[in-house]
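Peer 1: Listed below are the residues making up each chain.
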Amino acid sequence: MRVLDSLSSKSTVRYLIYACSLAFFFALILIPPILGIVLKWGTITDVFTNPSLMSRATSAIYSSFAIALFVSFIDVVAGLPMAWLITRGGFKWLKSLDTLADIPFIIPTVALGYSLLLFWSDSNQGISSLFGSSLVSQGWLLIILLHFAFSYPVIVRVMVGALLDYKREYEEAARTLGAAPLTADRTVTLPILKTALISSFILAFARSVSETGATIMVAGAFENGPIFISNLKTAQEPGYEGALVFVSFILIAISCAIFVTIRLLGPRLKMPIKKVWPVTERKLSSSRVTNLRNGMSLLVFFLLILIPSLFVALPSFYAITNGTLNQAVTGAGIWQEYWQSLILSYLVGAIATLLNIVAGLPMAVLIARRRLGTTLSSVLDVLVNIPLIVPSIALGVSLGIFWENFATLPEIGLLIFVHLSITYPYLVRSMTAAIERLNTDFEEAARTLGGRPFTVFRTIILPLTKYSLFAGAIMVLTRSVSETGATLAVTELKTAPVLLVDWVKGGVKATPIEIGLGCGILIAFSFIILLILRLFTRERARY
Amino acid sequence: MPEVRLVNVTKKFGKIVAVDDVSLQIHDKEYFSLIGPSGCGKTTLLRMVAGLTEPDEGEVYIGNRLVTSFPPEDRGIGFVFQTYALFPHMNVWDNVTYGPRVKALESEESEKIGREMLEMVRLFERLDAFPSELSGGMMQRVALARALSAGARLLLLDEPLGALDAKIRHDLRYELRRFVKDLRLTGIHVTHDQAEAMAISDRIAVMRKGKILQVGTPKELYLNPEHIFVANFIGESNFLEGYVTKLDNGYATIELREGLSVQSLDKRHKEGEKVVVAVRPEVLAVERGERETENFILGHIEGFRFEGTNIRYEIELKNGDEVVVVRPALAVEWLEVGEKVTVSFPADKSFVFAYPKRGLKNELALE
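Line by line, the protein sequences are chains A and B.
If you're matching positions, the first sequence starts at 130 in the numbering used here and goes up one per residue.
If you're matching positions, the second sequence starts at 48 in the numbering used here and goes up one per residue.
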């Protein structure tokens with residue numbers, strides 16, 4: 130360690146580390162998907178000569194963005210009052226609600242998809258059993274309900290965080306000047322939290338555009354972009370390669386365009402705060418209306434999010450009594466492959482997490498401390514977010530093409546690279562934000578006391594940001610474990626979510642109770658991870 | 048009209064009692080200050096007047112209205128926050144006209160008020176500036192203009208000068224008082240700076256641990272502190288421990304350590320009672336050499352500090368007690384370290400307090 134400490138004093142060594150981190154990002158994360166598409170650009174004409182394929186492709190692309198846009202808007206409409214209730218409600222039980230709101234976030238999306246399928250669509254179970262027939266059959270409406278369930282927690286999580294960090298004095302100042310609570314929230318709090326709101330909107334939007342595994346489960350014959358790509362890969366009909374490149378390119382290009390537009394125009398977006406309706410807003414701030422709003426928020430949360438998300442746990446309970454659990458534990462029949470897939474999922478997740486930490490930390494320091502100057506660092510900050518907003522199956526397709534052409538990688542290697550690309554932004558974003566929040570005085574104080582750059586990093590920066598490092602690592606791991614689309618696109622290897630999709634689609638014969646238990650075990654693992662995160666968060670409270 | 052009355056008000060945060068059964072009356076058009084060390088409950092008390100914190104018990108009246116359950120927007124107040132809380136997404140003009148707008152005043156009326164307020168604080172030319180483009184002093188003046196623009200007759204100020212440099216702070220405190228008096232408002236000013244409160248207040252309440260120890264004019268608090276903590280917190284005092292040995296001829300004789308004694312006109316304590324004599328540094332007289340003056344004690348100069356206007360001597364008395372004496376720097380001949388001196392105690396300007404049950408150090412502690 131001492132050697133590393135003293136080496137860090139040499140600027141050449143420091144720059145070498147930063148250069149390696151940049152090279153890693155550009156060579157392994159950013160450039161391969163772009164080059165992948167460029168390499169197969171020639172095949173794109175195939176789709177133009179095939180009108181039926183073209184029409185399917187455009188309709189799928191349109192569906193993807195229409196659903197993502199619609200879902201993100203209802204996420205904001207439903208999620209904002211919930212975030213307000215959690216942070217401003219003033220009841221102790223709201224802390225439990227805060228944890229409950231995280232549940233759909235950490236449930237692997239395929240398990241969530243299957244859960245929603247059972248709850249809304251299976252005429253023998255869930256809400257449909259009350260009506261005797263499927264209440265919401267597979268198709269676009271079920272996709273909307275599914276995407277709402279997994280993207281709603283994004284808005285709640287980001288906005289709860291923003292409201293907790295927000296200096297409440299602004300709101301209090303508005304109230305002392307005569308503003309009703311709703312007026313104060315609308316004209317003061319919300320405009321100040323605009324950046325967080327825009328970020329959460331982008332995240333919810335990206336999650337909806339990107340999700341594949343669960344969407345395949347609930348889509349039926351309906352196609353959006355990722356399902357179209359997945360169907361093409363499976364069917365391999367004539368001209369499929371061109372269509373694949375075309376749809377992947379359009380999905381990536383439009384996602385990036387939307388992201389950049391929102392990032393650039395978002396801060397200039399003026400909210401309508403000049404006009405005030407004191408009488409109406411005062412009425413809408415009354416305790417009766419507030420209670421009604423809170424009641425509605427809770428109803429939406431429990432009926433549309435929480436109960437459908439956890440519904441899959443029910444077959445897991447039957448599995449205990451009918452012997453399925455026993456079979457699962459002993460690895461009999463289909464369970465042997467299940468456990469192998471689970472081990473593969475966590476192995477790939479763990480390797481991706483470790484590589485992300487090693488390569489992502491110097492990048493986070495580069496961006497947060499503006500080591501490359503303000504402009505370049507800001508550009509880098511935008512670039513690292515790109516894998517986050519690009520549909521994962523499209524990313525998978527282009528990465529698959531790239532690696533096929535440039536290196537002969539074993540399938541597991543390809544899988545790790547793909548997961549690395551998709552999860553890269555999570556750790557870097559988490560650590561960049563944490564280091565930016567950290568007062569530079571601490572580092573300067575340590576340097577004046579004789580600390581070398583690496584000593585300062587490991588004894589000051591790292592201990593003070595360890596929560597964010599841990600949270601970022603957990604996000605990388607859970608995202609990797611639940612990733613389906615890109616995995617489907619690049620490999621025949623079966624990770625746990627891919628296997629579950631196979632079970633549901635009938636590729637492997639599995640009973641509903643077996644599928645339920647399979648999902649239940651995945652959820653249980655996710656809960657253990659959430660528990661570790663919570664315990665760690667409690668530790669943080671001392672400083 | 049805006050007389051403020053607090054009746055048996057209590058506020059707890061978990062197990063901590065922030066405000067403990069406080070009753071207080073603030074007169075109409077009075078400039079009133081709440082002072083005390085950090086955590087004494089002064090800001091909580093102010094926030095309860097504003098409606099930003101709800102009392103657990105007790106009642107709050109503004110004018111003749113019982114406003115305990117009223118939200119802040121219905122109390123007719125203006126509030127200046129320590130950090131100013133200027134809305135960062137609005138320019139100076141929008142900040143200042145926010146109050147009239149949310150109260151649905153006609154736009155001409157809002158503009159008239161905005162213009163008047165900004166002219167009053169001499170910032171009309173900066174109406175397009177955003178808060179981040181203003182200096183601390185400017186932000187403070189905008190915060191004041193904004194608080195007043197809502198038409199409040201009661202102005203609540205929570206450490207309004209706390210974030211400013213010493214010189215600006217010094218100048219602005221008189222300006223604050225002038226605004227309140229010129230506009231015929233009632234002002235309640237929270238500060239931990241006793242000099243600031245003394246300079247601008249009509250009356251002051253000294254708080255400690257959620258309770259009010261004494262309310263009075265600056266002069267009353269300085270010249271007649273009723274509590275040993277007030278004697279220490281307002282201004283500065285020397286404290287000498289002793290016992291009352293004799294009460295006669297209008298004097299109380301207090302025996303200090305090593306058999307030394309001083310006399311005081313304060314005769315509220317019985318013979319034999321353990322007491323603390325408090326005396327201000329500027330009322331002690333100090334002379335070179337050992338002299339037989341009235342009510343004197345001998346000692347020597349331990350050290351001194353030149354403070355500009357004054358010179359401050361640290362003197363060790365013959366019995367080992369230490370006192371501080373402050374003299375005008377330019378009016379007297381300076382004494383040197385080690386010089387023997389005679390310190391005279393004016394009997395009419397010393398206060399005698401019962402010895403605190405929990406010890407002198409604990410009683411004077413600010414934490």
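Check before you lean on any hint, since a few could be wrong.
[To be verified] Below, a list of computed lysine-lysine pairs in the DSS-like style, where the Cα atoms sit at most 27 Å apart:
1. A:K224 x B:K408
2. B:K317 x B:K396
3. A:K362 x A:K634
4. B:K317 x A:K221
5. A:K362 x A:K412
6. B:K321 x B:K258
7. B:K62 x A:K224
8. A:K399 x B:K150
9. A:K224 x A:K634
10. B:K314 x B:K404
11. B:K228 x B:K256
12. A:K404 x A:K296
13. B:K150 x B:K214
14. B:K396 x A:K404
15. B:K62 x B:K266
16. B:K404 x A:K404
17. A:K296 x B:K59
18. B:K314 x B:K62
19. A:K412 x B:K293
20. A:K296 x B:K293
21. A:K221 x A:K296
22. B:K317 x B:K76
23. A:K139 x A:K634
24. B:K321 x B:K404
25. B:K150 x A:K296
26. A:K221 x B:K62
27. A:K323 x B:K317
28. B:K228 x B:K62
29. B:K314 x B:K214
30. B:K408 x B:K321
31. B:K150 x A:K403
32. B:K266 x B:K256
33. B:K293 x B:K214
34. B:K321 x A:K399
35. B:K214 x B:K228
36. A:K403 x B:K396
37. B:K159 x B:K293
[Unchecked claim] Partner residues are not named here, just some residues of chain B that face chain A (Cβ under 8 Å, in silico):
38. G146
39. G319
40. E320
Worth flagging that the hints you see were computed from the coordinates, not collected in a lab.
The C-beta atom is built at its ideal place from N, Cα and C for all residues, glycine as well.
Peer 1: Next, verify each hint and record whether it holds.
Peer 2: Results for each hint:
1. A:K224 x B:K408: Violated: K224 (chain A) and K408 (chain B) sit about 43 Å apart, past 27 Å.
2. B:K317 x B:K396: holds, 19 Å
3. A:K362 x A:K634: holds, 15 Å
4. B:K317 x A:K221: Roughly 54 Å separates the two Cα atoms, so the pair is violated.
5. A:K362 x A:K412: Distance of about 56 Å is beyond 27 Å: violated.
6. B:K321 x B:K258: holds, 25 Å
7. B:K62 x A:K224: The given pair, whose Cα atoms are some 20 Å apart, holds under the 27 Å limit.
8. A:K399 x B:K150: holds, 22 Å
9. A:K224 x A:K634: Distance ~38 Å between K224 (chain A) and K634 (chain A) Cα, so the pair is violated.
10. B:K314 x B:K404: Distance ~20 Å between K314 (chain B) and K404 (chain B) Cα, so the pair holds.
11. B:K228 x B:K256: violated, 31 Å
12. A:K404 x A:K296: holds, 24 Å
13. B:K150 x B:K214: Not satisfied, since the Cα-Cα distance of roughly 37 Å exceeds 27 Å.
14. B:K396 x A:K404: Given that 27 Å is the threshold and the Cα spacing comes to 62 Å, the pair is violated.
15. B:K62 x B:K266: Violated, because 36 Å separates the two Cα atoms, which is more than 27 Å.
16. B:K404 x A:K404: violated, 61 Å
17. A:K296 x B:K59: holds, 22 Å
18. B:K314 x B:K62: violated, 40 Å
19. A:K412 x B:K293: This hinted pair is violated, its Cα atoms lying about 72 Å apart.
20. A:K296 x B:K293: violated, 60 Å
21. A:K221 x A:K296: Roughly 21 Å separates the two Cα atoms, so the pair holds.
22. B:K317 x B:K76: violated, 42 Å
23. A:K139 x A:K634: Distance ~58 Å between K139 (chain A) and K634 (chain A) Cα, so the pair is violated.
24. B:K321 x B:K404: holds, 10 Å
25. B:K150 x A:K296: At roughly 23 Å apart (the allowed maximum being 27 Å), K296 (chain A) and K150 (chain B) satisfy the hint.
26. A:K221 x B:K62: holds, 16 Å
27. A:K323 x B:K317: violated, 69 Å
28. B:K228 x B:K62: violated, 40 Å
29. B:K314 x B:K214: Roughly 42 Å between the alpha carbons, so the hint for K314 (chain B) and K214 (chain B) is violated.
30. B:K408 x B:K321: holds, 15 Å
31. B:K150 x A:K403: Distance ~13 Å between K150 (chain B) and K403 (chain A) Cα, so the pair holds.
32. B:K266 x B:K256: holds, 24 Å
33. B:K293 x B:K214: Given that 27 Å is the threshold and the Cα spacing comes to 49 Å, the pair is violated.
34. B:K321 x A:K399: violated, 70 Å
35. B:K214 x B:K228: Given pair K214 (chain B), K228 (chain B) holds - Cα atoms ~22 Å apart, limit 27 Å.
36. A:K403 x B:K396: With Cα atoms ~61 Å apart, K403 (chain A) and K396 (chain B) exceed 27 Å; violated.
37. B:K159 x B:K293: Since the Cα atoms of K159 (chain B) and K293 (chain B) sit roughly 70 Å apart, the hinted pair is violated (cutoff 27 Å).
38. G146: holds, 4 Å
39. G319: violated, 51 Å
40. E320: It is violated, given that the least Cβ distance between E320 (chain B) and chain A is near 47 Å, above 8 Å.
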